[in-house]
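Sequences listed follow chains U and W, in order. Each step along the first sequence adds one to the number in the working numbering, with nothing skipped, and position 31 is 32. Each step along the second sequence adds one to the number in the working numbering, with nothing skipped, and position 941 is 1000.
Honestly, the hints are just simulated from the structure, not real lab data. Computed from a prediction, not measured in an experiment: that's the story for all the values here. Just so it is clear, CB atoms sit at the ideal spot from N, CA and C, and this is done for glycine as well. Careful: at least some of the hints might be erroneous.
What the hints assert, rightly or not - In the DMTMM-like style, the derived pairs of lysine to aspartate or glutamate whose C-alpha atoms are separated by at most 20 Å in a straight line are:
| id | chain 1 | residue 1 | chain 2 | residue 2 |
| --- | --- | --- | --- | --- |
| 1 | W | K631 | U | D212 |
| 2 | U | K174 | W | E633 |
| 3 | W | K631 | W | E215 |
| 4 | U | K174 | W | D217 |
Said to hold, decoys possible - Quick partial rundown of chain U residues pointing at chain W, CB under 7 Å, derived from the structure:
| id | residue |
| --- | --- |
| 5 | P5 |
| 6 | F6 |
| 7 | T8 |
| 8 | G13 |
| 9 | Q63 |
| 10 | P125 |
| 11 | G134 |
| 12 | S150 |
| 13 | G195 |
| 14 | Y201 |
Said to hold, decoys possible - FRET-style restraints, in silico, Cβ to Cβ:
| id | chain 1 | residue 1 | chain 2 | residue 2 | range |
| --- | --- | --- | --- | --- | --- |
| 15 | U | H158 | W | Q793 | 55 to 63 Å |
| 16 | U | M98 | W | G648 | 45 to 53 Å |
| 17 | U | E119 | W | A668 | 48 to 56 Å |
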Amino acid sequence: MTIPFLTSPAEGVWLSHGATIVQTAAGWRVPESFAGESTELRAAREAVALGDDTPRGKIRVQGDEADALIGAALGAPPAAVGRVVRVGTVEITRLRMDLCHVGMTAEDREAVWAALCETRGALPVTITDVTHGRFEFRLVGPAAPLLLSKVCGIDFHASVFADGQARETSVAKTRQLVIRADLGGLPAYRLLGGRALGAYMWETLMEAGRDLGVEAIGTGALLTLAG
Amino acid sequence: MSGRRLPAQTGESLDRGQPLEFRFDGHSYQGFAGDTVASALTAAGVNVVSRSFKYHRPRGLLCCAGHCPNCLVQIGDEPSVRSCKRALEAGMDVQPQNAWPSLDNDLLSLTEAASRFMPVGFYYKTFHRPRLLWPAFEHVLRNAAGLGVIDENTPEGDYDKQYLHADVVVVGGGPAGVSAAVAAVDEGARVLLIDENPELGGHLRYSRPDAVAHARIVDGQQRLLQSGGTILNDTAVVGWYEDHWLSAVRGNRLFKIRAGAVVVASGAFETPSVFAGNDHPGIMLGTAVQRLLHLYGVVPGHRAVVVTANDTGWAVAADLLAAGVNVAAVADERPQLPVGTDIEALQAAGVTLLPGSTIAAARGKSGVEEVTLVAVDGSSGSHVVRCDFVALSTTWVPSAELAYMAGARSCYDDELAEMRLDNLPDGLFLAGRVAGPCSAEQEWLQGARAGAAAAGNTDDLPIAASQDVQATARSSALVAAPDVGGDKRFVCLCEDVTDVDIETAIAEGFDRIELLKRYSTVGMGPCQGRMCGLNGIRLCAQGTGKSVQDTGRTTGRPPVTPVALGVLAGQKMEPVQLSAVHDWHVDQGARMMVAGLWMRPEHYGDAAAEVRAMRQTVGLIDVSPLGKLQLTGPGVAAMLERLYVNNWQDLRRGRVRYGIMCNDEGVVLDDGVCARLSDEQWYVSTTSTGASGALEWMEWWRQSGWGDGVHITDLTETHAAFNLAGPQSRALLQTQTDRDLSNDRFPYMRARRADVAGVPCLLLRIGFTGELGYEIHCPAGYGRYLWQRLIDAGADFGLRPFGVEAQRVLRLEKAHFIVGQDTDALTDPISADAAWAVHLDKDCDFLGRRALTRIATDGPRQRLVGFRTGRRADSLLEGLQIVQSDDRGKPQIIGWVSSCRFSPTLQETIGLCWLPAALAERSEATFHIHVDGRLEPARVHHGPFYDAEGARLRG
Chain U
2 MTIPFLTSPA EGVWLSHGAT IVQTAAGWRV PESFAGESTE LRAAREAVAL GDDTPRGKIR
62 VQGDEADALI GAALGAPPAA VGRVVRVGTV EITRLRMDLC HVGMTAEDRE AVWAALCETR
122 GALPVTITDV THGRFEFRLV GPAAPLLLSK VCGIDFHASV FADGQARETS VAKTRQLVIR
182 ADLGGLPAYR LLGGRALGAY MWETLMEAGR DLGVEAIGTG ALLTLAG
Chain W
60 MSGRRLPAQT GESLDRGQPL EFRFDGHSYQ GFAGDTVASA LTAAGVNVVS RSFKYHRPRG
120 LLCCAGHCPN CLVQIGDEPS VRSCKRALEA GMDVQPQNAW PSLDNDLLSL TEAASRFMPV
180 GFYYKTFHRP RLLWPAFEHV LRNAAGLGVI DENTPEGDYD KQYLHADVVV VGGGPAGVSA
240 AVAAVDEGAR VLLIDENPEL GGHLRYSRPD AVAHARIVDG QQRLLQSGGT ILNDTAVVGW
300 YEDHWLSAVR GNRLFKIRAG AVVVASGAFE TPSVFAGNDH PGIMLGTAVQ RLLHLYGVVP
360 GHRAVVVTAN DTGWAVAADL LAAGVNVAAV ADERPQLPVG TDIEALQAAG VTLLPGSTIA
420 AARGKSGVEE VTLVAVDGSS GSHVVRCDFV ALSTTWVPSA ELAYMAGARS CYDDELAEMR
480 LDNLPDGLFL AGRVAGPCSA EQEWLQGARA GAAAAGNTDD LPIAASQDVQ ATARSSALVA
540 APDVGGDKRF VCLCEDVTDV DIETAIAEGF DRIELLKRYS TVGMGPCQGR MCGLNGIRLC
600 AQGTGKSVQD TGRTTGRPPV TPVALGVLAG QKMEPVQLSA VHDWHVDQGA RMMVAGLWMR
660 PEHYGDAAAE VRAMRQTVGL IDVSPLGKLQ LTGPGVAAML ERLYVNNWQD LRRGRVRYGI
720 MCNDEGVVLD DGVCARLSDE QWYVSTTSTG ASGALEWMEW WRQSGWGDGV HITDLTETHA
780 AFNLAGPQSR ALLQTQTDRD LSNDRFPYMR ARRADVAGVP CLLLRIGFTG ELGYEIHCPA
840 GYGRYLWQRL IDAGADFGLR PFGVEAQRVL RLEKAHFIVG QDTDALTDPI SADAAWAVHL
900 DKDCDFLGRR ALTRIATDGP RQRLVGFRTG RRADSLLEGL QIVQSDDRGK PQIIGWVSSC
960 RFSPTLQETI GLCWLPAALA ERSEATFHIH VDGRLEPARV HHGPFYDAEG ARLRG
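With the hints as extra help, turn the sequences into a complete structure.
Below, the structure is given as structure tokens:
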């Protein structure tokens, strides 16, 4: 039987940008590179680069007891609304008092899911895996705040929106979660939105960043940046 | 080149090593990089740039600052470009506006000969009778009015927008603005300095070179940037909105700026005087002359007359003299000549100096040739002086539009003869010449104080005594020059409104400034009153006998300067939602259609064949846009009982039920199926376009207390969904899963989890299309893979993908309604032939119960019912009216067609329609549909058109 593969919503757009696609162990087809790693790294370090991190795990934990559950299952309770707590590779972002987004690498997804479900017991908490329902893009580079300021009305200045902060806001007329998660010493943001809007968002961000020298960045260059 | 270009000089913006060729009105010219279109034209000896709006009089440069309408031109396909602000580019094709067939010979200039028949407001009094002729009038007027030409084939522009945030925004990059920005950044504020010019310096850029002041600007700029401040050049702030929300424009980009505080240091600008022939080409503002001289190395002519009422006019005269221009005379309205080096230089050159005088008339054919200078008080005779241009420096107006928008109040200062501002809102500060006449040193000091205060330093900063210099008045108190007869005296150059027009309008009763503006159109043109605002107010005051203060001013609104509509729109952002299989649909040549934000395949080339394939073998449709909500918690069933008209408490695990959601008036909001996956976990589907509305509706009631312990999660985009339907669907699906799909183990209206082609799925056995079918919901990431696997496996079963069009036909054959198509904002489920779903006897109350009880008791007035035609009737379309003759034989509308298609299965046109209940109840009753003036017969049909017993569905 054929091994099931998984696709990002932006795959069709990557292909039009000349992406080289590989399949991960988890089955996701990802863009390993676009214009070549050196070009992509230069864009990320000197301007801005847009990458696709959709395979990352995404779990929503909802309920008044979400804090207790997350604290017990993952070792750290959520912080204030709009703040990110990092535990290893897991990022816990509180969206509301009773709603948290938990992000993790694709490899850690099952383990985190299992930990949450096992710990839940009788707690009135709903745990939902929304990995497939959200795209996750990565904007990296010194011009990333500038690019975002062209599609989003919130203040991205480092004094207001520093590493580890998050907002659910309107980006390019769509509702998205924006998390500042710096990468390799560079300003970087995660953008998470409805999967069906992925292709639209990718194209919109590339167009908005054209005058800033935006380049699509593959998973290879993202890994290099992460060190 | 003519002899108007000066030798290279310090401070000019030109790159004389880079000549640029361009065309204007069919002739070739040359300028330099750094020129504006207007400066290059002036250097080339072109005096007439445009024609006026109403009388088509020749017009030349007036302000050179982007305020007035005189230099508007068409560049390529871009109309109404201010040529004094647009940088010259090689190969530009510049065309004059409002002139035909040419600028020099404009046929519509004949309108001036008929001007006595076109007084102010003539268009309100003419053309409307006889009414029959209005279309002809309209055609002529539309062709005669307007500026520039819109090319509808122009490609979409490349526009975008950007949001900016700052503690302090400083508007204006002159001495006061730079000083304010530096002071604010020194206080630790995030500062954004915005200036409309390419370089900082404000009036210092074009006034006589001042090395010390220039060094201060350069130093301030460096300090600002080193401290993290931001400078936006070439950017015009065009609007102030509540809470210091500013809009600004640079090129094709719109900035939306949130400021903690705003320092308005936007300076002041000159406006023209009112005298006979004051619009002749060659009559320019003093600052326009200085811009041409110092920025572009151009003299506007060779023999000048300077008219002033302040010291800056004398500086203009001296600058012209220094540039080698023959200054014929300088008239100063003030009774005594001022003292200073400028005067001495002019006296030494033998220039005629006329204190207590002003200009009363200008004459010339296509440009000014001579002027009449008279005593302001009429005490002595006049001087007629020959010249080829006039520099006017008589009146300054604060550039205070933003402050007015922010709520500042204007107060007319009779002594200074200009508007001053007070009652500034919190967080708004003025600095420099916008606040009133001030010396150069005062500009710096005011800027520093305003900047510090805007940044939160409320200390009263000391003023050094040597800096506390009182500036002299800068504006003329003359409302208009003494009338010596002759030519028109224009108040508003944009709309060709004269002082006589103002007087006439007042005499006709339009004696309030707002009414006067609307009736006469003074201030309603491209300059939006910048050039004429004060003169209009003064003339209104004079005509009504009120003071200028009591006359007031018109309301200032954004934008301060004209903004292209494309800039307001910004980057084109039209969110579109694509399913996981979208690329496959496109690759297969599907015709895509818009459904809400979604793109869906309408068909793959032959919708009828898709219908037949589904009925005969098996079909597959992508229904990913369906709304999919997960509801969890102990109170879900109770909440659904209140939100839907159906029963839910009795729905057992693994079962599916169709439900209708109504509002409190019993109006259908949405429908779909709900599956109970466990005691506390439900999976609810909604219509595709109603998904977000249904979610919002549920959340509203959940948070209002009806959802005790309920959590709602939107899984619409988390799950891809496909409907595999047709007689062969079970056999096909069985090849991809180990789950027993037999009717016994997986009957109709059941939900099962199963791995399909190795992908974890939720299967719903339901049948919108009326055949055996399965809705397959899988994680969206697997969507593309699973779809392909089903397509591949279906080849042996005659599988054919089908689109929305085939689905519409298939559901119509089953007489299922579609919410939003067959229902409207008044439709209740009982009238919509879905009374079977309404359980008025539920134990709990539910939304719409009271209204539905009344409808059930009284009976519906209209009913949704099926109809058939017995033939193919392609002329029948959705939306057509159903008519019936009344007692007098006159047709009356009694209903309408909500759905209609030719059924490939039944080989006839069928549909759903709304009819009076009495008629709808009579099966086979005939009625008529009105089509293009004729009546098409149709018959009432009850129940599904296809498989009325549902055997195929349940088998």
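Each hint, compared with the structure:
no., hint, in the structure
1, W:K631 x U:D212, "15 Å, holds"
2, U:K174 x W:E633, "8 Å, holds"
3, W:K631 x W:E215, "10 Å, holds"
4, U:K174 x W:D217, "18 Å, holds"
5, P5, "5 Å, holds"
6, F6, "5 Å, holds"
7, T8, "5 Å, holds"
8, G13, "4 Å, holds"
9, Q63, "5 Å, holds"
10, P125, "6 Å, holds"
11, G134, "3 Å, holds"
12, S150, "5 Å, holds"
13, G195, "4 Å, holds"
14, Y201, "5 Å, holds"
15, U:H158 x W:Q793: 55 to 63 Å, "59 Å, holds"
16, U:M98 x W:G648: 45 to 53 Å, "50 Å, holds"
17, U:E119 x W:A668: 48 to 56 Å, "52 Å, holds"
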